[in-house]
Structures are given as structure tokens and as C-alpha cells.
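There are 2 protein chains.
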Amino acid sequence: MKRTFTCGELDESLINKTVVLNGWVNKWRDHGGLIFIDLRDRYGLTQIVFNPQTNPRAYETAKHLRNEDVIAVEGIVVGRPPEAINPKMRTGKIEVHVQKLEILNKAKTTPFEINDQIEVSEDIRLKYRYLDLRRPRLQQNLIVRSEVYKIVRNFFYDEKFVEIETPFLMKSTPEGARDFLVPSRNFPGRFYALPQSPQTYKQLLMIAGYDRYFQIVKCFRDEDLRRDRQPEFTQIDVEMSFVDENDVMDVSARLIKILFKKILNVDVPLPIRKLSFKQAFETYGNDKPDLRFGFPIVTLNSVFESSEFKVFRNVIENGGRVAAIAIHPADGFSRKKIDRLTEDARQFGAKGLAYLIYNNNEFKGSVAKFLSQNELENLKQEMDLQNNSLVLIVADQYETTYSVLGQLRLKIADELNLLDDQKFEFAWIVDFPLLEWSEEQNRYVARHHPFTSPRTDQLELLDTAPDKALARAYDLVLNGNEIAGGSIRIHQRALQEKMFEVLKIGKEEAEAKFGFLLQALEYGAPPHGGIAFGLDRLVMLLTGAGSIRDVIAFPKTSSALSLMDGAPSEVSEEQLAELHIKVR
Amino acid sequence: MKRTFTCGELDESLINKTVVLNGWVNKWRDHGGLIFIDLRDRYGLTQIVFNPQTNPRAYETAKHLRNEDVIAVEGIVVGRPPEAINPKMRTGKIEVHVQKLEILNKAKTTPFEINDQIEVSEDIRLKYRYLDLRRPRLQQNLIVRSEVYKIVRNFFYDEKFVEIETPFLMKSTPEGARDFLVPSRNFPGRFYALPQSPQTYKQLLMIAGYDRYFQIVKCFRDEDLRRDRQPEFTQIDVEMSFVDENDVMDVSARLIKILFKKILNVDVPLPIRKLSFKQAFETYGNDKPDLRFGFPIVTLNSVFESSEFKVFRNVIENGGRVAAIAIHPADGFSRKKIDRLTEDARQFGAKGLAYLIYNNNEFKGSVAKFLSQNELENLKQEMDLQNNSLVLIVADQYETTYSVLGQLRLKIADELNLLDDQKFEFAWIVDFPLLEWSEEQNRYVARHHPFTSPRTDQLELLDTAPDKALARAYDLVLNGNEIAGGSIRIHQRALQEKMFEVLKIGKEEAEAKFGFLLQALEYGAPPHGGIAFGLDRLVMLLTGAGSIRDVIAFPKTSSALSLMDGAPSEVSEEQLAELHIKVR
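Those sequence lines, one after another, are chains Y and A. In this text, residue positions in the first sequence follow UniProt numbering: the first is 1, and each later residue adds one. In this text, residue positions in the second sequence follow UniProt numbering: the first is 1, and each later residue adds one.
Bound-form chain Y, shown alone (with noise of 0.2 Å):
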């Protein structure tokens, strides 16, 4: 009895044919002598009607059937009565009555229900998650990100673009993130990394020649996972020679256009805006801003710069920065919601929020008695205030008064709900710093990664002032998530080496960990830069799903554990022995 459609594609013009059907029981109900049951497979759902007269047998057999238990029937496509026909079904005009019925599985009583609406624990439903990917919901995630692989791929294809595969068993080189180790069997004491990234093969793939290399590759990070990061990720991993930085971030957005338009029927407008770092740390308070709504910060250093009230002049003196948002209109900000705006100030960090309300002309809150009449004029013009509007200030450091800020946005956006999830607006952050100090380890790191260019015009600032370079990287960001992140690469090798130096890691150190690398930049590398997408995140904006869990078929939990097989699990001490090594 093997199938000769699919559940979800029988129609009207069927009607009178024999067909076969395989799929699960969905919903079953006895109804007037008669047993209807919804089969359904990944391709839909059709009505099927046991009738005793036809086939007492098959009849008696179907009275026992249960939810997911999986069935092949042979029967005849009948169209249904008017009153019968479920317009919201693609088969809701027909029905199958049966003729003949296989079990071809029974099954047990599934621990949840096979449908969205249920509320059960995440735990129990990673442990049965081949249960869980039967949901309309997960099975429709799934699909679109296959469909993603498609656009995504093709897109390239079509740019000239060559696939290829790089290792999975490399070098470790720890520089960032922690690495996955694999023991050595052949080389006692020695071990492979999986890739945190193929940063330094697609370098290599530019050096030999390829000019356009793109993967859809899996990376790993032994991190301590933070909500919605996996030990395994997937990344759309691109490179590219002979180019700038316009260059691959056209290219970048191209491809999201298609993929907005194809996945979701949404026009992105290119170009795509562009925002520097400084500029959206100081108007949004950090590198990936949300811009679906307003709210910008808007700094007041000029406005109370001489002001009498010391608070914010001290500020100012010692090197701060005032700033505020407006929020329009301010109604329903009662005292109480001000006071837990201000809690949720101090839980980010700042030392306390003053407010503002401005209204018919006139201004009142925590700081208007200290404020002169000039000075909320000029806060006015600056901040183009509306009437009816809430100003909230921070006036503290450089960096806290700015992610305060921003932080407080966010949530006051959410609570307005103004996070329009059918909103998608995207912005290219640029010219980012190429280091940042790291107090832990006493030295610069590389912001992004020691690879990417300094800006060219900025070369003696290493010397003088690295904290003052800027990189030649670019990050996309939409709605508050960074989706890709990518640079224009050094491509010689004396500033490699200078860029080494920079970062306090030694020549030794240098040679042995990337001395092929060195190497492979003095036999003619070209100019080359690429940018990587991060897959699992960009699917699940593209299906409004809650969790990137949610867009991988199998995930693991925060602490990297597979609750459906148990890994990781104990190996056997002869496995162990062969690879060298033992349990501390």
C-alpha cells in the first residue's frame, strides 16, 4: 500500500479516483455511525471516512486507532457535501472513503500533544524532540531555513561564487572564544580544534587564487552559554578579492533583499543606511541598534555645560555626558512607572535617572526647579521636543550614560509595544575601533578579530594611539541583533606582524600559531575581505520564532547537553586509552 499522493494535495479534481494515502493519525472522531479521522503528513492534512458497510473490517480496525499511529489507506476521493467542505483546508473539499487499511506502526501515548498550543516544559520537549519537530510550528521553521539554504546558496551561485568545504579537524589557536579540543590518536598528547571559525582557510582560499569563496558551514564555541547561543552555530561564511569594503557589504545586502523578498514578500529599500560606531553608540547606547522606533538619545553637554546645577555641570567637567531621550507622548508614565524606570536605571549601571515632563509650554519633574528657563529652552530645541513628551537624563561616564539610555529605550519601547515584529530595519554599523583594552588579560585585543585591517590613513596611530584606530569592519544589525559581521582583512606581512606586535602576542607565539599564515601572505595575497552571517539567528527572524532553539532541528540546552541522547556521556576507559588520554 504505498502511497500514490501526499495529504495535501487531493482535490476536487480527483474525485472518483483510487488513491492511497500514508500518514499519521492527527484527530479522530466517531460521528454517525461513521469514523472520520484527519491523516496527516509533512504535506498537509486529508479527511478520511470509515464506513462499516464498505469494510467492516477496516471499520472495526479504525475504532482502535489512536493519535499518531501511522496508517496507509486505499479508498476513493468523494466530494463533500456543501455544509461539510472546510474552505480553511487546501483538501477540504474532498474526503477519502476507505477501502482498505494497513497499519503500518502503532504508536504509544506521546507525552504531549502534537500541536502549538502546547505548554509544556522546554526540557521535556528536547528529550522527545522527535515528538516536538512534528509541530506545525517547528516543521514550518525547519522548512523556511531549508528554503534559506536555497536562496542563499543559489544567490551566490549566481554571483560567481565557489563553494568549499574547509576542515572541521584544525590547528587550535585560541584567540577570543575557548576551543573545542579533539585528542590526537595518531600524535599522543596532541589534539585538533573544531573551527570557531574558517577565518584563516577562506584567507587562504583568497591566497590561492579562488576570488569569491562562500560555505554554509557549522562553527564552535566552548562558552558558557548565554540564552540563545549554541555550542554549534551556523554560519554563511564568505570572502571575496580585490574588493573594499562597499563591495562586500553590496553583495551582503543583495543577498538580504532577496531573502526578505523571497522568505517574507518584504521590500528592504537599499541602500542601506550606515551608522558609525560612535554614532550609534551615542544616539541608540550600543553597536546594534534597534531602529524600529525612535527615541533617540540625544546628548545635552552643550546645553548644561556651564549650568548651575552641579550634578550634571560636575558631570560634564570630569569628562561625562549628559543625554536624554524624549518619550512621546508621556501619557501613562505615572509617578510609580518613573520610579521603576529609574530602578532599572541604577540596575544598568547608572547612578540615578532625572526626568522631565514637558507639556502645555511648561516643564516639570525631578530636575526642572534646578534647571534656568535657557536651559530648557535649549534642551527643547535640542532635543526637537513634542509636547506631552517624557524626558528621560543620564548624566554619568561616557559609557554608562549612553547604554543606560539605551537600555532604558528598549525596554520602554517593549512596553509601549512598539517592537513591530513585521518591521525590519536594517543598518550597516562602520568604522568600528580596531582594539579594545582588556583589563583581564593587560593588553589590547582585537575588537573583531587580529586579522581585519586597521584603516589604511591610520596606520601610525598603532604606534601612537591604538585605542584611537579605527578597523575596517562592517557589522549589519537589524532590529536589535547583529546578523553578520565581517572586515576587509590585512593582506600583508609586515602589518600582520605590526598588528601582532600590537596585540602583545609574541613572534614566537605568532610564528607557531600562525606562522602558515605569515607565510602565505608574502606569496602574492591579494587584497580581500568577506563577512559572515550568523544562520541560526537570521532564520529565526525570518520566522518570528522565540529562541534559535527553535530553528534547529536538534539544539542543546544552555549547558551544552543533549537531553534527548544524553550527550555528552561516558566513554569507555579503552576509548580513552587509544587517544592518549585520562579523566583528571
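I should point out that these hints are in silico values taken from the structure, not numbers from a laboratory. Warning: the hint list may mix true and false statements.
[Claimed, not checked] For lysine to aspartate or glutamate, the following DMTMM-like pairs were computed, each having C-alpha atoms within a straight-line distance of at most 25 Å:
id, chain 1, residue 1, chain 2, residue 2
1, A, K504, Y, E574
2, Y, K582, A, E509
3, Y, K257, Y, D158
Here the structure of chain Y is known, so what remains is to put chain A in place on it, guided by the hints.
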């Protein structure tokens, strides 16, 4: 000086246009006071010309250019004089008269020349893989490989398969090959394993209702590497629900047809022939027969079962086999050559090799005088002997007889240059034994894997004569290579448990290793089956490469070493401590 064209696209339509090219100096020559350079990129070569009259400084700089330097040039496209036209080059009718030159990167002298005629050890090539990959042949191989990805994926997308990624950090369940292990940081003493194949995951995806799954995926086996094996290899992985053997073979054959048509313009006639395992072994001496040439093995037991010639009769009486291959024409098979073949037969495991030469209705050769006229006549008939044939006979135990003749057959075909690499002869091998006896483990092991279904009409054999049970498995072979293998899987818990029992995998062990799968089989598992193609080998055959290392961007040596970066390498004590392991 960003390129306006690549080095492979300029033609007469662009004469008089100013263009910018970027690329590598591929060839440099000084001729008639001008400097000619072939500039190379992935897309082709363009001849560029430096004239001291046009730009004396550029000309001076060009004097010192060397092979593999990376440069940018701006110049005018000029038609070549008729005598200088190179019809072999796509850009052979034009050249570019350079007006501006910029050196993008200098290159040291490469350790070997960048061309396909190099005679340099593979070790050196692997150490400088990024230079090796510049050679036209390797570049072509990887571009074909990229094309293969594209064709394969679009085929499966069109056939409504869902592409799903499965985890790389999974549970260690060694059954067959050795696992690569990954120590867990969060769970001291516990380990992940890298997948030997996504077998259990793809079955779970069928149980989850995805109906048709595919993925091009890396797999890992920590084995001693024979020639042409890699510790990480790529598989086209496929699984389908509600199917039987023919459905999987049909989809696979149509994929192969499209691949060979699109890549090589070769028509693969469908359906692909099927041979049972027994037929293949008794006719070609192995389960991956090379069908590009004849010389089938013919069993002669019926001819010799009552022979006076004791050597043959004894073998038959002891349950062995007498069998032969006929080589036609026999020219060139001197006594000396036949002696060498006899030596080979011994190397392959036979006790000896008998031969006959049939010419002008007469038999000569080592055993001619021991055989009756009647036997010789019957042999002639059985083997359908043509005049001027050499008959090589082996009489030995079953396995030995066919295996030795199979190896001789291949050796002779190779010597006679019958292994035509423009010929592609496919076959399905079916009806494999389910089990094979492992002397080492003193138990039956699964010939394919423990999830392969036995033939459902032979289930009682599992109790009575497990070694006689056949599997619902199928291999696709091409020119002596296995390029794909698959099976219909067990989809019921009871049968899967029975199978573990036959394999002497105790209940407890089965539960610990595969409990999640056994459980999943109880919740409505559909009948399902699949196949996996070895992509590396397939691309090797499609490109005519001599080794799978020539179709992998960054391969490892046979001891699983990466000569380029030195992986595996030592790691820090700190890394090991975090992973709770130490080196023995």
C-alpha cells in the same frame, strides 16, 4: 585601481575601452623593447603590455615584476595583430596596453612553479597548499566540486526534500569505526563524539515527519587511513519515508543521471542494472565490480565435479569452487607473463593458478594434459570461448577462488589499458547478507549497520540461520568504486531489539547507547530508508582526479596530519585542565 573586468572576459567588443585589471603575474617576458605579462585570475589570463613610451615609470617597475606578484593595471584594450592572435585563449584576440601600474603585493619566489607540470612531492604541495591550489587542475577540481554541490542541492530541492543540519557534537556509540571524541568542559569526564554519519538523526527526522531529508555533511572516522581515505569526509545524506528499496534507488539514479549529464555531458542510461551480492561476487570477485570491460568469472564446478584431475575434483568435493576467466585475445601473454600472473594469484591468496590457451580448436597450457576432451569441450561451451583465448583457472575455497580471480581480472584489465576513464558503468548491488561473522569479536556484526532492515520475508532466519539472512540494503558502484550505500531501516522497536540481540548487544548496552532511538520507534515511526553518497569519491570520478586529496581544499595526510598548519598540535595545560583531562 579596482578592477573593472576580470582577466577572463575581455574580447574584441571592448577594443579602445579603458579597463582596470587585478591579478597575478603568470608569465613575464621582454620582447622588442616591450614587456609582456600574462595576468592571471580565477577567470583566465589576459596579456598586458608595458611600453616605455607610454609610461616610463610603469615600464621601469614592470621590469622588476616577478611571477606571482599581485598587481593592478589600467590600460586600453587593443586588438592584436593577426600573427599574435592566440586562438587557444578566450582573451587571445586582444591585449591591454598599460597606462598605470600599481603593485598590490610582492611575492617571494614560490617553492614550486604554479603549473600542472610540476614534479614535486605531495608533502611540499600540502605544506604550501595555498600555492598548490593555484594550479589550474586543482582549481578546476574545486570549481567542479562547487558545481556538484549546486546540482545535487537543486535536484533535492526540486524533489521537495528538506535540507536539515544535524549536530556535530553527538553521543559516542562506537559500532563499527572508532569515534573522534570531544571532551566536555561542563560535565567532567564526559565526552561528545563527532558523527560517523548522521544515521540516527536522519531516522529521527523521518519519525518527526519530515518525509524527505537531505544534507551534504561532513562525517568523521578515526581509522587508520588507507590510501584515499580521510579522517573527515563529505557525504550526501538522504532519507525518505513511506518508501521501499526501489524508491530510494530511483531518486538516486536520477540524481546520478543529472550530475553526469551536467558535469560531463555523459548520458547514464536508466534504469541502472542490478546485481545481487552473490552474482557480483561470483562474476567479478567483489561487491564493487568494475563493469567497463568483460572477462567475467565463470564457475566450472559442473564441468569438473567428476574429473580425473584430482586437484579440481578434490576442491569441489571439499565444498570449494573451480572457476575461470577468459582473456581474449591471448596475444602478448607469454609464458613469462603467465608466470607473473601465477605469482600474483599466490599473493592474492590462491594456492596456484592453472591456465589454458585455446587456439585453432586446440587447448594448450599447464593443465591441458590432465583434462579430458569432454571437460575441455564443456569448459569451452560454459565460457563461450572465442578462438585465441587465455583461460586462467583457480580452484580453491569459495571466497578465495572468486576473490583471486576478481583481482586478476582487474590487474589484467589495467595492464591491457581497458580501464577507460571516459566510460562510466554503474550497477546497484543488492541482496547483501545482513550480517558477517567477526572472528575478532566472536559475534555477528552488521554488514551495513544495525539499523538496516532484514528482508521481511526472512525474519525467522534471524533465529535459525542469521548468516543466511539478507539485508534490504543497496550499494551503488561505478567503475569499481562504491559511490553510495543505503538501506531500508528497521522502523519497529521489536525488530530493532531483535537485531541488537542477534548482534549480542545486551539490553542494557542497547538502552544506554540507543535507548532514545528505541523509544522513538514506539511513537509512530513510519517505514523509511535512505542512502548516503561519498561526495569526495564522486567528485574524484567526475574530475578524473587521481586521489581524493585532489578534490579536497585542505586534506590531511594518511596519518591525519595537516602539513600546512601542523594540526594536531600541542595545547596549553590550561586548556586541558578546563576540560578535566590530562595526557597519559
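Hint check results:
1. At roughly 19 Å between alpha-carbon atoms, A:K504 and Y:E574 fall within 25 Å of each other, so this suggested pair holds.
2. A hinted pair counts as satisfied when its Cα atoms are at most 25 Å apart, and Y:K582 with A:E509 qualifies at roughly 23 Å.
3. Of the supplied pair hints, the one linking Y:K257 and Y:D158 holds, its CA atoms being roughly 15 Å apart against a limit of 25 Å.
The earlier numbered hints are all upheld by this structure, with none contradicted.
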